[in-house]
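Chemist: Chain by chain, the residues:
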Amino acid sequence: MAGYAAYASDDGKAERFRAAALPYLDDVFTLARYLLHNAADAEDAAQECYLRAFRHFETFRGGPIKPWLLAILRNVCRAEYARRGALAAVLADNVDEAEHVTDGLWSEAQQSPETETLRRLHSETMQRLITQLPDAFREAIVLREINDLSYREIANVTGVPVGTVMSRLARARALLRTAWLAEEKGS
Amino acid sequence: MTCDEAEVMLHALIDDELDAGHSRDVEAHAAQCARCAAQLAAYRDLRQALQGGNLHYAAPASLRRSINRAVPSPAVTSRRTLLKGFALGGLVSAAAAASVTLVIVREDRDKRILGDAISAHLRSLQAEHLTDVLSTDQHTVKPWFNGRIDLAPPVIDLTAQGFTLIGGRLDFIDGKPVAAIVYRRRVHVINLFVAQGIGPALPAPKVETIQGFNIRRWTDQGLNLMAVSDLNSDELEEFGLKFEEASRAAHG
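Protein chains in written order, with my numbering: chain A, 1 to 187; chain B, 1001 to 1252.
Be aware that one or more of the hints could be misleading.
Said to hold, decoys possible - DSS-like mimics (lysine-lysine), calculated; alpha carbons at most 30 Å apart, straight line:
id	chain 1	residue 1	chain 2	residue 2
1	A	13	B	1206
2	A	13	B	1242
3	B	1111	B	1206
4	B	1206	B	1242
5	B	1242	B	1111
Stated by the list, open to error - Quick list of the computed label-pair ranges, beta carbon to beta carbon:
id	chain 1	residue 1	chain 2	residue 2	range
6	B	1146	A	65	56 to 64 Å
7	A	61	B	1065	28 to 36 Å
8	A	178	B	1060	30 to 38 Å
9	A	182	B	1061	51 to 59 Å
10	B	1152	A	65	50 to 58 Å
11	A	163	B	1108	50 to 58 Å
12	A	63	B	1241	50 to 58 Å
13	B	1066	A	78	21 to 29 Å
14	B	1062	A	178	36 to 44 Å
Since the hints were made in silico from the structure, they are not lab data.
Where a beta carbon is used, it is the ideal one built from N, C-alpha and C, also for glycine.
All chains should be modelled from the sequences, with the hints used to inform the complete structure.
Modeler: Structure, rendered in structure tokens:
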């Protein structure tokens, strides 16, 4: 009987959840670190994300679980932004402004071999440069390059159309490239 | 394709998000536009650098532990956990593993039997199929099972004890035909399922509550008996005791 089966399978919910969701803890924690800038807040956010995910595990409709977890994490982080007073409105304004700045981001091809420069950049430097990107661009590039989500998945997680994902990624990379060129000049 | 279009599309190209047609368009544009070709090369390098660096942050072990603690553990160790334990343990002997597996499989079967009993009880109430033989006379109900099931279920009139016999029917539990003897106490129906080999031989009667129904199980003369009802557990226990008492009296 269906009711009885549901009753019986409840026992296994925590176990199924652990098996499905815990392998992505590093991904969740990584996004939290980039979105919130500090380790303690990231730990709190990741923990809250897993608790919410467990509570709503029945609503998870299958498919890859990673984007689902990251979407929950993102909501937790946005609540944290609000708590800090860095309201979503500010974020949205920054995005609009930055998305319209299209000139001057691309410097003409450099004489020095860029590949070498890039390889010399330590992971920490790259992490710092990503952290310094405006919110919406940082989020897009972390989800793409580090969490390894597809455009469609990023669109679902961030609640924007795929076209916007594509343009945010383009801006994010242009800004990141400019930043590392500056880093290279400064060092 | 214009440079403006290509500037955004080349990201989709390096991210492998373009179909073959669009990929060719972007590549064709880059082939005849030095500026876009340079961008494409530069972003490919950037991508490579991002992929090559270790940009993940590892979750601290303390976080993993506290999440594990916060997610409630199942009250009963699930079959899966135990089996995983074997996979990880490696030192557990095959014999020990086999015996525990057997217990688990039995427990699962037991759960299924209880589930089936409740299903059968519910069906009997819903589908106007409470009885195949409608009679308050045990001498009518008992012979009805002859030839329908390979056992002679104890059919006992407990009207004097406050449990009215109202009939019997054939039902199925765990894929086996079982005799269902139906009693009534006020407005409550009691289905008494009788069969061989449904559930373990119990040294003492056992009353459980599942989904709000009470189930009393006991064994008598090599038969498994299961009384299922929405009757409160005290009165169901009373039913069981009266039944056992009458059964002992009948067998001398």
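Chemist: Tell me the hint numbers this structure goes against, listed in increasing order.
Modeler: Hints 2, 9 not satisfied by this model.
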